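Participant: These are the residues of each chain, in order.
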Amino acid sequence: MNGFALYWRFIAVSVRSQMLYPTAFVLRFSSQFFVTIIEFGGVWVLFARFGHVRGWTFAQVALFYAIASIAFAIADGLSRGFDTVGPLFIKTGNFDRILLRPRSSALQITGQDFALTSAGRLVQGLAAFAVAIDLLKPDWGVAEFMLLAWAVAGGASLFISLKMLEGVLAFWTTEALEVANTLTYGGEAAAQYPLDIYTAWFRKLMTYFVPIGCSLYFPVALVLGHDAPGVPPWLAVLAPATGFAFLGVAAAVWRLGIRYYTSTGS
Amino acid sequence: MTTLALPYLSILRARFSLMLQYRTAAWAGVATQFWFGAIRVMTLVAFYAGTGRQPLNLAQVVTYIWLGQAFLALLPWAADAEIAANVESGNVGYERLRPVDTYFLWFARALAWRVANTCLRAGPVFVLAALVLPLTAMRDWSWRMPAGLDAAVLFLVSIALSALLSSAMTVLLNIVVTAVRTPRAAGFAMGFVNLFSGLVIPLALFPSWAQTFLLWQPFAGLADIPYRIYFGALSGAQAAEGITAQIVWVVLLVLLGQWWLDRVLSRIDMQGS
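Sequence order for the protein chains is A and B. This note's numbering numbers the first residue of the first sequence as 1 and each following residue consecutively. This note's numbering numbers the first residue of the second sequence as 1001 and each following residue consecutively.
Excised from the complex, chain A in its bound form (with noise of 0.2 Å):
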């Protein structure tokens, strides 16, 4: 069985196991789409409001905050059990297990946790798309919500890169650090507003050295029509890719925490 298709099995076993209770799969799914569509309203309050952030409306704003949280979404429902690396597998001991095995760590850690409920923000994201839809009425084709799905590709692969380096980290904490949530769900937050309304540093930060910028921010404003200072629309388009690159810094930051992982025994 190739990986891909050991992946897949995976992801059917997690998926039947969860349904095995659907009244709790319910309940999950629709708290979370619950808790972050109300955070979504407070976006509206705030324009409500305020009319405008820094010239973007509320349309456009909305773009932006449905691209970061399907990205997120999607990232989170694939790679959820990065988060439970400390506590289920390296405490445990049971990540030895997964070592043995001869097939790669990182798929038997994600296939183990396919994160359905991730499902209600996934729901939210499209909601906030179909809003921002709705009000920019926009003459798109073909090729601007092809860029949308690239940004969301790339925002996602980031994303999964940043859940995969926590992994990493427990491999000498343990723990599921709370400290791990400043880039992952602070990257969304941050992601869910046009940065160019933060200050600079920050804005420096989130281009350079976590690329959430690029993958998400340089495609949605060109889409929109409104071009990032600095970045002429061939880099716009080519940007996400820094999210693909991400997750292969990841993927090799992975390997070598491996390579000095060692067993807490039990």
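Think of the hints as simulated: they come from the structure by calculation, not from any bench. For clarity, every value in this text was computed on a predicted model and none was experimentally measured. The reader is advised that the hints may include incorrect statements.
What the hints assert, rightly or not - Here are the in silico distance ranges between beta carbons for each label pair:
| no. | chain 1 | residue 1 | chain 2 | residue 2 | range |
| --- | --- | --- | --- | --- | --- |
| 1 | B | F1213 | A | L99 | 33 to 43 Å |
| 2 | A | F244 | B | D1150 | 56 to 66 Å |
| 3 | B | F1213 | A | T84 | 36 to 46 Å |
All C-beta atoms, glycine included, are put in the ideal place defined by N, C-alpha and C.
Position chain B against the provided structure of chain A, taking the given hints into account.
Facilitator: Only chain B this time, still in chain A's reference frame:
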């Protein structure tokens, strides 16, 4: 009187010292809350740039955000984890055997949990946002001092009421969890708490026609009322109104909780052993 209160006081003390064991987690929490506070401050600064008069000025909103981050652990986001676990295992039935009033036992546990967690986190956030930030180039983003001595005193009264209100709501969540027998039932509470306590957006920035309702709904007393008292946006008669709303809700929710808990516990089926 003192002998009657003794069991509850020792619960308070025991839980407090338990919480203080988790210092590393608290430091991680502080760093996270400071970072999220900074992102929220930056967003609000951007909204305020080039706008006219608003119900709260920028310094007040920034202070509001930092207060929210410092007192985040006070919010009743979830049921008591231990009681929720007892509900799943069936051990909740033992609560009936204890020779103390179950309601006040749960209330004392909730209060100790919320207050201990807040004590650990509020101080460092204050040091970072109110003492360190003013020394940097990001002076405008710092947590400001209270409007005056009277505002400070009223704030302490009001935030103490917030702790009581939050504990009463936590016990209500415990009861819901016990009644429907799954800890996940409490998930929706977070949405209501976030929106109506002012954590997502300060309540004063909501449309003006909603303001009276927003002040008198139960969640305002968790955060918005004490914060507005702190920087003087609610003072005099308005501050009295806010504190009255808090007291009314504490009393109502405690009475509701006692009545409901009685009904739920009298119906518990003990299965097996």
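Participant: Taking the hints in turn, state whether each one holds.
Facilitator: Checked hints:
1. B:F1213 with A:L99: 33 to 43 Å: Taking Cβ atoms as reference, B:F1213 and A:L99 lie about 58 Å apart, which means the hint is violated.
2. A:F244 with B:D1150: 56 to 66 Å: holds, 58 Å
3. B:F1213 with A:T84: 36 to 46 Å: holds, 41 Å
Of the hints listed earlier, the one the structure fails to meet is number 1.
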